[in-house]
Amino acid sequence: MTLQDEYKKISGLYRETVNEADSLKEVEKERVKYIGRSGAVNEIFKKLGTLSPQERPAWGKKLNILKSDITKCIEEKKSQFNKKDKAEDIFDPTLPGNFSTLPSVHPVTRILREIKHIFSSLGFGIAYGPEIETAYHNFTALNIPKDHAARDMHDTFYLDKEKNLLRTHTSPVQVRVMENNDPPYNIIAPGKCYRRDTIDASHSPVFHQVEGLMVGEDISFSDLKGVLAEFAELFFEGTSVKTRFRPSYFPFTEPSAEMDISCRICGGKGCSSCSQKGWLEVLGAGMVDPEVFKHCDVDSNRWQGFAFGMGVERLAMLKYGINDMRFFYLNDMRFLEQF
Amino acid sequence: MKIPLKWLNEYVDTSGVSPHRLGEILTMRGLEVDSVSDTDAGTVIDIELTPNRGDCASVIGVAREVASALEKKINLPKVNYESSPGKESILLKIDIQNPEKCPVYHLQKINDITIGPSPEWMQKRLRACSVRPLNNIIDITNYVMLETGQPLHAFDAERISGDTVTVRLARAGESLLMLDGVQRKFDGGEVVIADKNGPIAAGGIMGGENSSVNDITKDILVESAYFSPQSISRAERTLNVKTNASYRFAREIDKGGILYALARTVELIKQLGKAEPAGEKLSFDTLNVSQKTQKKIKVDLKQLNSLLGTSVNKDNIKKYLRSINFGVEFTGSSFEVTVPSYRNDVHRPVDVIEEVARIHGYDRIDAKLPNLKTGTKYFEPRDPFAEAENALRARGYWESLTHTLTDSDKITGIYTNEFKEIKEKLVRLKNPISVDMDILRPSILPGLLKVAGYNANRKSRSLKFFEKGPVFFKKGNDFLENSHIAYTAAGSEYFEAKNSMEALTESLKQDYSFNYSGSSAYFKKGRSGVLSIDGKFSGEFGLVKESLLKSYNLNQAYTGGYLILDEVNKDRISNKRFKKWSAYPAIYRDISLICPAELTHKSIYDIIKVNGGGELKKAEVADSYIGEKIGAGKKSITYALEFNSEEKTLSSETLSSEKVDFLIEDILNELENKFGITLRPE
Ligand SMILES: [Zn+2]
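These protein sequence lines are chains G and S, in that order. For the first sequence, our numbering assigns the number 1 to the initial residue and increments by one for each residue that follows. For the second sequence, our numbering assigns the number 340 to the initial residue and increments by one for each residue that follows.
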């Protein structure tokens, strides 16, 4: 090839091949190829001797221009890569993401939902009753007569002399369900309750309970134990929780029982959380008292069953390790954010 | 109920059983042991007694349970009393006027006692049981009460006026300065012990100063009686006092132990007060315990095992019940039980069944899952309002839970002028614990504002809260409980409140409208709206009034709202039906209008809606602008209109462009006629 032909070929080619290079390494290869010591341009320089002396200076200039054009092109290409590399170098993947999530529900609501869910899965329906109750439904029908020491267990808010009050437990819903429907029954009744307790770490004048009632022709104390132990197992999922039932007293059940769970902190050995007992009280239960059936016009010779009641805040405290009941009603964001 | 173990051991041998183990045994028998502690009277166990077990409000009562549990014999202190009455003839008489409230009353006179401190061992035991030692006579009556469960009282015989001790109902207005130094007024229903001049004791509760034993007392009258639980519970309430005596009478005492306790007291006074009974006791007894009160209860073994889910046999029944001193006689598969006089809680077959279960051990009854034939017809499949809560959470609101009891002072301040009638409907507590919790809330909003203020003071960045729950009103002689969902957010952006309300109603698929002309007890006029569902008042939203912010010490603006969930049409939530969308493409047109600046969107929108016909599916504000380009007193507002038709028209396959042009022409004509609105030049 003549000098002129090679010149034409190289000057028409270099831009394309340099720009096709996709890394600094390849650009360097291109540089060596065109303007390296034994690159294409130098090869052409060597052919200057084949020209006439008159032509030589003009071609020399031309070739120098070509060489500087290629150099510029290569430098440009290189700087492109350098720029890109720099941007990639300063990327910080550890910066925090900018996500937003749904605010959580209140822990009491959360526990209530869990309880409802568990009992729904065990076949229980859900019933509701008023928070402003009559003394009849809250006490008398539940076998808590007037002027009886058992009423002392419930320090009551009254709205008038003695007829209307704020329910002290969710048990009156039992009565309302039995009054208005025929057996069998299989319900839970969640809701707010009120007691005239001064606010402290373990008392609140307003709190939540879930009542339960299961009545059939052969529902026994053995079923009471089965259902409630199953509940405890599902509620305290993933922890090997043991339950124990011991005799207690409620005017509306006979026999009555209290269910304890093994202390989750010491595992039953005794610690300060369980006042050295190894057990924590979870709920009260018992076989529906014949007096209650009588008040609701249900034949206790044919129907029998159990009732239970549990404190929702107490269950939340046990489940989450909350040690002060006041937190539930303070609604401090530092509390709410944790659930 | 505190039981010193050394004292207990005088009646039943617990050696070889550690105090903790004993505590566990009693707990599993229904006598829950709260704590075991060491005192200068030795180890003391503290039992949390249930109200039915009045019989265990004594060391002997607990000893009976322990003896049964450990299968040991019980040794009670021997008394020898009936055989050695005093010689003196007693001039005093007793007169029981209300035998239904006081069916048994004994009074024993004892002369020439020497008042002084009781022995150290007795004082230690009293202190271990949280009773303050006073003098030998009072200490002995307290000691015997703790021992037997029978409360006793000692009067100073010389301080009694007249010749008769009367047990009668108090007369309304009578009062008595009692031993605790408090003057109490009787309402007229309480049983009092009285002499010629009036009451000398509130029967079964506390004695009066006017007849009390003191340092110079010589002769005393020791009372051992039965007061009915109902009358004592009532008097505890009316006199607002509870005592060790009333605690026991309210839980009913052992009718068979009244004389035993008196004898034991006389015995101890003889020993420690060095005095002798003066003559025979004065007695009134309509119960005649030994014969009449022997309760017999018939129980069916099949029923017992059916209720408990057990298979307890005859031999076990006999063993269990005899261990707690019940008599048992079987006839076939049923048995008759004789109940000791101190077990006032056992009077029905089911009570006996509980005793069997208790002694058998709850832990020995199998746990099984029931054979479910019971109905679930009350089952509410899901919370119909869960979507509303989610809608607010999606907008960044945190659920909170505030007290439904609140402060009447602050609340009544909200309902002034035109809202006065709400004040009359507030539900007030008759016996509040404190003035800041004396009514049931009529609105959730104030509670939420308090929560926001609390968190603002703690520099929280999230100041958006909601709560779902009840509010309360009076309604004639009855009460109304409404269910509300309310929300509040820091800031002065009116649309935060409005958007949240729309998010709520849309999430519940309601047919709703807003009205902006009303006034509200909570929200600022002109920056608030009223929600109607199916034409009924269903809530409000807007900027919270400054007066309300001030009364809750909030120093920034808040918006908020509430929706009355009782007004929500639940059918629209649950009975959703699928509707096929139009098979034809929609036609979209924008119209930019120039109108008077004060003209509201609603007035324009209403005209667009009416004139757009059934084909106008949507008319949304795309842009609104006030500025120099438009001219003073004017604004520009652009509507994005969407037309479509579900049906083919006669003339063409789909809704035609010409038809849409006609509709727009109608809209523009009407807007021009009514408000002088013109199209904005391109
Ligand atoms: Zn523990």
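Everything labelled a hint here was simulated from the structure, so no lab data went into it. Keep in mind that the hints are not guaranteed to be accurate.
[To be verified] Some residues of chain S that are not near chain G, with every Cβ distance over 12 Å (derived):
| id | residue |
| --- | --- |
| 1 | S570 |
| 2 | E619 |
| 3 | E693 |
| 4 | A706 |
| 5 | S773 |
| 6 | K837 |
| 7 | W920 |
| 8 | S963 |
| 9 | N1012 |
[As the list claims (entries may be wrong)] Just a few of them, taken from the derived set where beta-carbon distance is under 7 Å, the chain S residues facing chain G:
| id | residue |
| --- | --- |
| 10 | N794 |
| 11 | F812 |
| 12 | G815 |
| 13 | N816 |
| 14 | F1014 |
Virtual Cβ for every residue (Gly too), placed ideally from N, Cα, C.
Hint validity - N816 of chain S Cβ closer than 7 Å to any chain G Cβ: violated, 9 Å
Does the closest beta carbon of chain G sit nearer than 7 Å to the beta carbon of F812 of chain S? violated, 10 Å
Once the closest CB in chain G is found, is it more than 12 Å from W920 of chain S? holds, 30 Å
Claimed clearance of chain G by S963 of chain S, with the beta carbon kept past 12 Å: holds, 28 Å
Go through the hint on F1014 of chain S and say holds or violated, using the shortest Cβ distance to chain G against 7 Å. violated, 42 Å
Going by Cβ atoms, does S570 of chain S stay more than 12 Å from chain G at every point? Given a closest Cβ separation of 7 Å, the condition is violated.
Could you check that no beta carbon of chain G comes within 12 Å of the beta carbon of E619 of chain S? holds, 34 Å
Outside-interface status for K837 of chain S - nearest CB in chain G farther than 12 Å: Given that every Cβ of chain G is farther than 12 Å from that of K837 of chain S, nearest at about 20 Å, it holds.
Cβ separation check - S773 of chain S to all of chain G, threshold 12 Å: violated, 8 Å
Would you check whether G815 of chain S satisfies its interface hint, that is, whether its CB is within less than 7 Å of any CB in chain G? Hint violated; G815 of chain S Cβ to chain G Cβ min 13 Å, cut 7 Å.
Least C-beta distance from E693 of chain S to chain G larger than 12 Å: violated, 4 Å
For the hint on N794 of chain S, just tell me whether its beta-carbon gets within less than 7 Å of chain G. holds, 5 Å
Against the hints set out earlier in the document, violations occur for numbers 1, 3, 4, 5, 11, 12, 13, 14.
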